[in-house]
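Participant: As they're listed, the protein sequences go chains A and B. Under our numbering, the residue at position 271 of the first sequence is numbered 271, and the numbers go up by one with no gaps. The number in our numbering is simply the position in the second sequence, starting from 1, with 1000 added.
These are calculated hints, taken from the structure and not from any lab test. The reader is advised that the hints may include incorrect statements.
Said to hold, decoys possible - What the simulated footprint calls covered on chain A by chain B, stretch by stretch (three residues with Cβ under 8 Å from a Cβ of chain B suffice, anywhere in the stretch; the number is not a length):
1. 37-50
2. 125-132
3. 140-153
4. 207-216
5. 235-242
6. 249-257
Glycine included, every Cβ here is placed at the ideal spot set by N, Cα and C.
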Amino acid sequence: MSAARRPRIGDGPLFRAGLLAAVLLVTALVIGGPLVVIFVEALKLGWGAYFANLTTPDTRHAIWLTVATALIAVPINVAFGIAAAWAIAKFEFRGKGLLTALVELPFSISPIVAGVAYLFVYGAQGWFGPTLDALGIKVMFAYPAIVLASLFVTAPFVAREILPLMQAQGSSEEEAALSLGASGWRTLWSVTLPNIRWALLYGAVLTNARVMGEFGAVSVVSGSIRGVTNTLPLQIELLYQDYNAAGAFAAATVLAGIALLTILAKLIVERFSSRDA
Amino acid sequence: MHRSVLPGFRLAMGCTLLYVGVIVLLPLAALLWQAADLGWARFVAVVTGERALAAFRVTVLSALGATAFNAVFGLALAWVLARYAFPGKRLLDALVDVPFALPTAVAGIALTALFAANGWYGQVLAPLGITVAYAPLGIMAAMAFTSIPFVVRSVQPVLEDLTSEVEEAAETLGAGQWRIFASVVFPAIFPAFLAGCSLAFARSLGEFGAVIFIAGNQPFRTEIVALLVFIRLEEYDYAAAAAIASVLLAAAFVMLLVVNAIQLWHLRYLRGAS
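The task is simple: from the sequences and hints, build the whole structure.
Facilitator: Structure (structure tokens):
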């Protein structure tokens, strides 16, 4: 470290104070304001009303359905993320760039487009809809469609977090483990996964937050049947349109809380991974 | 083809291809199939219909406005986070992630509550004659909120990696601060800045959840493309929904290509610099 840090451009006290004040003010208005108003609106009628709103049967069912969706979708996309990152990071093959782009593709696609696309596969007028219907299997406007749409929108999240790390780490540790006689699965379990554990954990947390909060794609494929296929974000919309703002904001505090926990997880993961490095 | 002693290539590759095929490509193919089924003439008629064109215009203009806001605000935020030390910096850095972590429906009702005529912001803006909620400005506000992190997170790491030597060299040559920023610093961060702006614009084009609560959703005035797709579905006009959705999909592909081209350009720039 050099002893005295020379001032750089933009370090003039007046400019620095002005820019800092402007950024802090705008951040408070555009990010802080929305965050605070959720809790203020939810608690407007007091804590009693808040808890009553949270425990209405429809909202309780929506919370349950949202958790049930995440319980299936998150593990599947964690497994997919590991498989994709293993193939892309540890091997050389033609078309690697294309495969990486395909894995990241859902990130760029509007959730509405994703929902409509699923409708044309599993809906009544879709490719498999009539066959599934004849077999008595209900996919569209039911739990399976909610899970499928959630899988689509969150497919890239784990791979995006762990892929750069696995590429940077290379394969020498895995090669050492294999040369010592460890099996492939053993190597994955005791060498690769421990090396990427924090990024993997954060990827899973991000996936979970997005699954629980997904609105556009799920609203197309779920049919929004009250008390049956309404996830928490859809329940918020329903309550809001029923002019039950307090109920909508009460449900919103649950998702806002999950969002804040996700950001907290990121801070913790960053701290631990910099300690590991 | 793969030179590696590690096992599991075929298994990992097989699972990845199968999953991408079933979860990502199959639905997109079905959507394009449905749109193609319409035939070219009817496809064009649907996507250039008066209401569709109005929706495209509202969406693109709002996305441009939102991106312009984030170009300025995002650059300022990245600068503050990369260059200054101040109490609460970690909190500010964490707050940048809020728009990504917060579900869009939650953001939508929160922004609507703030900008409604009796809301905290609406009360201040109403006497000035500015209406945000249920107006075109509301769409812009929602798009701007959900795409805040893109420019910040693209530019911040590049700014942090920038060494002081080039600035000092420019200074010894007698360049003023603005001159140094314009001719030394900004060119270095420009590819990342442009990539961040493109990502923010692409996200804004497809945004649905945050917008529909605050937009008012009047056809021709405050109806975005994603909502028009949804409305066509509810009218059981699946062909029109497929056609309009495939335009959104094509826009997403174009933006993806643009971002990739910018990143390639940036890599070449970095190699040229070293």
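Participant: Can you give the numbers of the hints that this structure goes against, from lowest to highest?
Facilitator: Per hint list: zero violations.
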